[in-house]
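Undergrad: Now for the letters of each chain:
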Amino acid sequence: MKRSGAAFWIGAAAFLAVAFVMTKVIGNQYPFFAGYVILQFIALAVAWSILGGYAGYVNFGTSAFYGVGVYASVFLVKAFGAPLPVQILTAAAIGALMGFALGLLTLRMQGIFFSIATIALTIIIETVVTNWRYVGGAAGIQIQRPPVTAPFDNYVQLLFFIQAVLVVLAVAISRYIQNSWIGRGLQALKDDELAAECSGVPTLRLKLLACVISGALLCAVGAPGAMYLQYADPSSAFNLNYSVSTLAMSLIGGTAHWIGPVIGAIVLSTTQQLLTVTISSEVNVLVLGVMLVLFVVGAPEGIIGLARRIFHRSNEGRE
Amino acid sequence: MTKKVTEAGSISRRRLLTTASAGAALAASPLGINLLQAQGAPIRIGMSMPQTGGLAGGGKPSLLGIEIWRDDVNAKGGLLGRKVELVVYDDKSSASETPAIYSKLIDVDKVDLLFAPYATVPTAPIMPLVKQRGLLLIGNFSFQVNSKVGHDMWFNNAPWGPADSWAASFLDIGQKAGGKSMALLSADQEFAQNLAKTAREVAGKRSLPVVFDQSYPPNTVEFSSIIRGLKATKPDIVYVASYPPDSAGILRAVNEIGIGGSVKLFGGGMVGLQFGSVMESMGSLLNGVVNYNSWLPEKSMYFDGTKAFFEKYTKRAVEAKVDPLGYYLAPFGYASGQLVEQAIKATNSLDQKGLAKYLRENTHQTIVGPIAFSPDGERKETAVLQAQFRGVTDKNIEQFRSSGKQVILFPDNLKSGELVAPFEAART
Numbered sequence: 009m010k011r012s013g014a015a016f017w018i019g020a021a022a023f024l025a026v027a028f029v030m031t032k033v034i035g036n037q038y039p040f041f042a043g044y045v046i047l048q049f050i051a052l053a054v055a056w057s058i059l060g061g062y063a064g065y066v067n068f069g070t071s072a073f074y075g076v077g078v079y080a081s082v083f084l085v086k087a088f089g090a091p092l093p094v095q096i097l098t099a100a101a102i103g104a105l106m107g108f109a110l111g112l113l114t115l116r117m118q119g120i121f122f123s124i125a126t127i128a129l130t131i132i133i134e135t136v137v138t139n140w141r142y143v144g145g146a147a148g149i150q151i152q153r154p155p156v157t158a159p160f161d162n163y164v165q166l167l168f169f170i171q172a173v174l175v176v177l178a179v180a181i182s183r184y185i186q187n188s189w190i191g192r193g194l195q196a197l198k199d200d201e202l203a204a205e206c207s208g209v210p211t212l213r214l215k216l217l218a219c220v221i222s223g224a225l226l227c228a229v230g231a232p233g234a235m236y237l238q239y240a241d242p243s244s245a246f247n248l249n250y251s252v253s254t255l256a257m258s259l260i261g262g263t264a265h266w267i268g269p270v271i272g273a274i275v276l277s278t279t280q281q282l283l284t285v286t287i288s289s290e291v292n293v294l295v296l297g298v299m300l301v302l303f304v305v306g307a308p309e310g311i312i313g314l315a316r317r318i319f320h321r322s323n324e325g326r327e
Numbered sequence: 030m031t032k033k034v035t036e037a038g039s040i041s042r043r044r045l046l047t048t049a050s051a052g053a054a055l056a057a058s059p060l061g062i063n064l065l066q067a068q069g070a071p072i073r074i075g076m077s078m079p080q081t082g083g084l085a086g087g088g089k090p091s092l093l094g095i096e097i098w099r100d101d102v103n104a105k106g107g108l109l110g111r112k113v114e115l116v117v118y119d120d121k122s123s124a125s126e127t128p129a130i131y132s133k134l135i136d137v138d139k140v141d142l143l144f145a146p147y148a149t150v151p152t153a154p155i156m157p158l159v160k161q162r163g164l165l166l167i168g169n170f171s172f173q174v175n176s177k178v179g180h181d182m183w184f185n186n187a188p189w190g191p192a193d194s195w196a197a198s199f200l201d202i203g204q205k206a207g208g209k210s211m212a213l214l215s216a217d218q219e220f221a222q223n224l225a226k227t228a229r230e231v232a233g234k235r236s237l238p239v240v241f242d243q244s245y246p247p248n249t250v251e252f253s254s255i256i257r258g259l260k261a262t263k264p265d266i267v268y269v270a271s272y273p274p275d276s277a278g279i280l281r282a283v284n285e286i287g288i289g290g291s292v293k294l295f296g297g298g299m300v301g302l303q304f305g306s307v308m309e310s311m312g313s314l315l316n317g318v319v320n321y322n323s324w325l326p327e328k329s330m331y332f333d334g335t336k337a338f339f340e341k342y343t344k345r346a347v348e349a350k351v352d353p354l355g356y357y358l359a360p361f362g363y364a365s366g367q368l369v370e371q372a373i374k375a376t377n378s379l380d381q382k383g384l385a386k387y388l389r390e391n392t393h394q395t396i397v398g399p400i401a402f403s404p405d406g407e408r409k410e411t412a413v414l415q416a417q418f419r420g421v422t423d424k425n426i427e428q429f430r431s432s433g434k435q436v437i438l439f440p441d442n443l444k445s446g447e448l449v450a451p452f453e454a455a456r457t
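Those sequence lines, one after another, are chains A and B.
Numbering (my numbering) for the first sequence: 9 to 327.
Numbering (my numbering) for the second sequence: 30 to 457.
Isolated chain B, as found in the complex:
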């Protein structure tokens, strides 16, 4: 048995020479180079993604967006003639899981590039690690994780832009509508508190009085007393920074109690109102709310490849059992891929420093629009949309696929309509 194997595996000297010279000739030709590289090891992109736990609802569509990019780029022949492969682990939405996972990706799997997990909490612990190792990291909707770390090879795919632009754009709309005072209602959780902090700062700079400022514990379900208290202060602008379950609770309480005729603008930072299932269940309660978003099916939001992406996403979301709309995160997952794709093609290498330099110095065309980075790795200019829900009916998720249901008020270059105020008038 052993002998047979040896015979079959053995190569005569003449055969070796022939093979070697044919190989050399093939390798020398340009086609040969491509063929050899295409047959070479794939380019591996490593990441953790929340697939269980509280952030899974965002992690899964985000991952699907990245997978669609991988399939598209592989269908075009890959990058540098090599196929692209994703190495993905579940971080269970927890900060304590990610350091070990990223160490495995770097030291054991030896991936070529790193993507960050969705959201701030799982991303924060890996920032010092990637900085120490001098690695490129494409961020995924985390908020200001690099501000203290100062890693110059970090690039966030999220449209946030400068830290205060979010609150500034919302207050701009409110002040233009004649708003002279603000109420602030925020959840005692990471993202909401970051938003509330910047809102206070922006209001302070503009000498806009904050007549109501309350944080509530994360598991609050009953908001009627809080909304009554808020209503009594008669604010013009109500800035809400909430998480999915509380966003629903707040809107229900507002619907029952009302918010008063003084309110011109309501919403701002309500997480959850971007997800198909939440929007479907809230239905007409959403009308009038002006809230942040990242992508919406308005005419101004279609760039090269956007339509094709959503055609693929809509089909695959059914099989993957994820958000059927997928506006909020999925196209940005795809854009993360496009960022590295363009950098690799332009530099013709996988050298992390070279890729980071290219990403920092150029504007990149993606399906979510052109992206340019400031030195801290966040967007140079904010592309966070502020959009008003209009004419939404109950129990119909398909209505959100058509334009006009969420009218974009900010930024100006993407604007698709004007604010309807006061809030009570816009609700009908």
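Next comes chain A alone, as it looks inside the complex:
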């Protein structure tokens, strides 16, 4: 256990080092634009999986949290000219509060009722923002980036690195939860909530905790989105596509282990980015749909489940 912990942190440090070196070595901006989107989806999928994967509460409200993150930044920039770290921290705090409220309101609902409530949350918040003129309302708002600070030469490189840090943070939290009593408790309530409660698992407290952590991370990931686009409009920021893609990434990767959403997000968002600049037509939507169907049918437990099955089979063959 300890050895794997050391390996994880060495891996995380190496990942951040590579991301940082990339910003110094690569002059071409495109890898950072595309890489930012991929990293953003990794962080979203990992954050989603804390509630959706470990606790089994399918949250369709990713776009609500993401959009609130974006608009928290827009508001802070417009009102106070707040710097990026403040934007991210404030978004995380708002996300935690939102997660807590969602937990209180809807965790007594289960299954499909919970999912529907999260969709409703997206619609309600989007409507509020659409009518909030200060942050641009329905017409959207253009915002200017501040000048970039050292050691980065370009703001997109800075955003790319920040998103890499958020990925490490999300993965570290997810990994901690999985390996701690929280993860075991969530796993128990996922299997049978009543039985878990009867066995002394504090289900409501755990669910609230999962909601708060997941919400804070989802919002924090959305916060740099405002500076990435330098533009925000409700239909883009609260686009249901974020919810659907995040869910698909987690399911394709597998939700039983923290690495599942990471793999799923890398596979799916890289494919999306590649298809956008290769096939680039209706066909790319079809390709994604076919991929999803294939995985749901062929690997219902995601890539992780598939890998485990193959690994077990090859072990059995040896014996």
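Be aware that one or more of the hints could be misleading.
[What the hints assert, rightly or not] Straight-line alpha carbon distances no greater than 30 Å define the calculated BS3-like cross-link-like pairs of lysine-lysine that follow: (1) A:Lys86 to B:Lys226; (2) B:Lys344 to B:Lys444; (3) A:Lys86 to B:Lys177.
I should point out that these hints are in silico values taken from the structure, not numbers from a laboratory.
Dock chain B against chain A, hints included.
TA: Leaving out everything else, chain B in the frame of chain A:
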């Protein structure tokens, strides 16, 4: 195997000399220059275009217009002796896709020129990028995206002109017809809200009372209660800023409930009534509505090349399965091409600053009429048409190809008829 290839590929010293001197002689002659350049790399124009998602209905005909220009210019030998090639990616109608796409176009594909995607939302995020890189960008029907960015190499192909001219022209027509009050109905979406905002400002400047001002959520389908509320305020002018599904819903509700005898002018900013399929399905419900447009088959709208363009478009629209009429966007896509074509020919280079200077300082002849730009990159004068639907029958798309179905009331130099008012009288 390796040896054979080496032998075939090797060039003797004498042969090299002969080839080189022949090449030099050819390159020195004017014909040689043309030949070499024609054989050189094509001029690549990069863009994203909404081909899926909510804006695809506009993106596809717009792209077809640009493709027809590319084929025409290549048939004439290209530009600077080089063929023109388009590099197009689908942005899925989303603002979040375009920054990465334009970065790829600039940094990886290394295109020579950039066109913006159709509409405001996908265009807004790329404005700071092109400004930072000092690149020329030809806009495509976005609305006031440059007002805050202030990029001096931005040129919008749309006929909008100054921000308030749209509302001003509509209210002019209404006030000339004796209108003394206005009702405003707008969708809670980007474009509609921009229109509504300018309408309020113009009404304020003219001390025209706004007796009804309501925004409705984007997915509204049932408008009868809103129309009843509007009717009760007895306005003279009704300015509607709506999107395709709601435009249809509003007209149906007006048809059922009526709008009252006081209304002299109805319409203004209804998106959707420019598209063939919507016009066909609405049929006679359109009669009397005065709405904005960009191009219409009235006599005053034919310029050099317009007729030939629509002959080609009509044929190719069938294969491409896009709007069979294509009045709204396609000719402006072609005009975008004409703008850069004229600038490149005049400056005889692809230097972005030089092209921008030329575009800013001259008037350009296109199939949608002469285009001149103000310092913010929008048209100097508005060329947004306000036209009234007349004598439209049900379920017949072909009727819109003939003149007289949409009579142009504004601008004066393109006018093809007078307003029929009040609205209820014009509906029959």
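Undergrad: Hint by hint, which ones does this structure get wrong, listed from lowest number up?
TA: No hint contradicted; all consistent.
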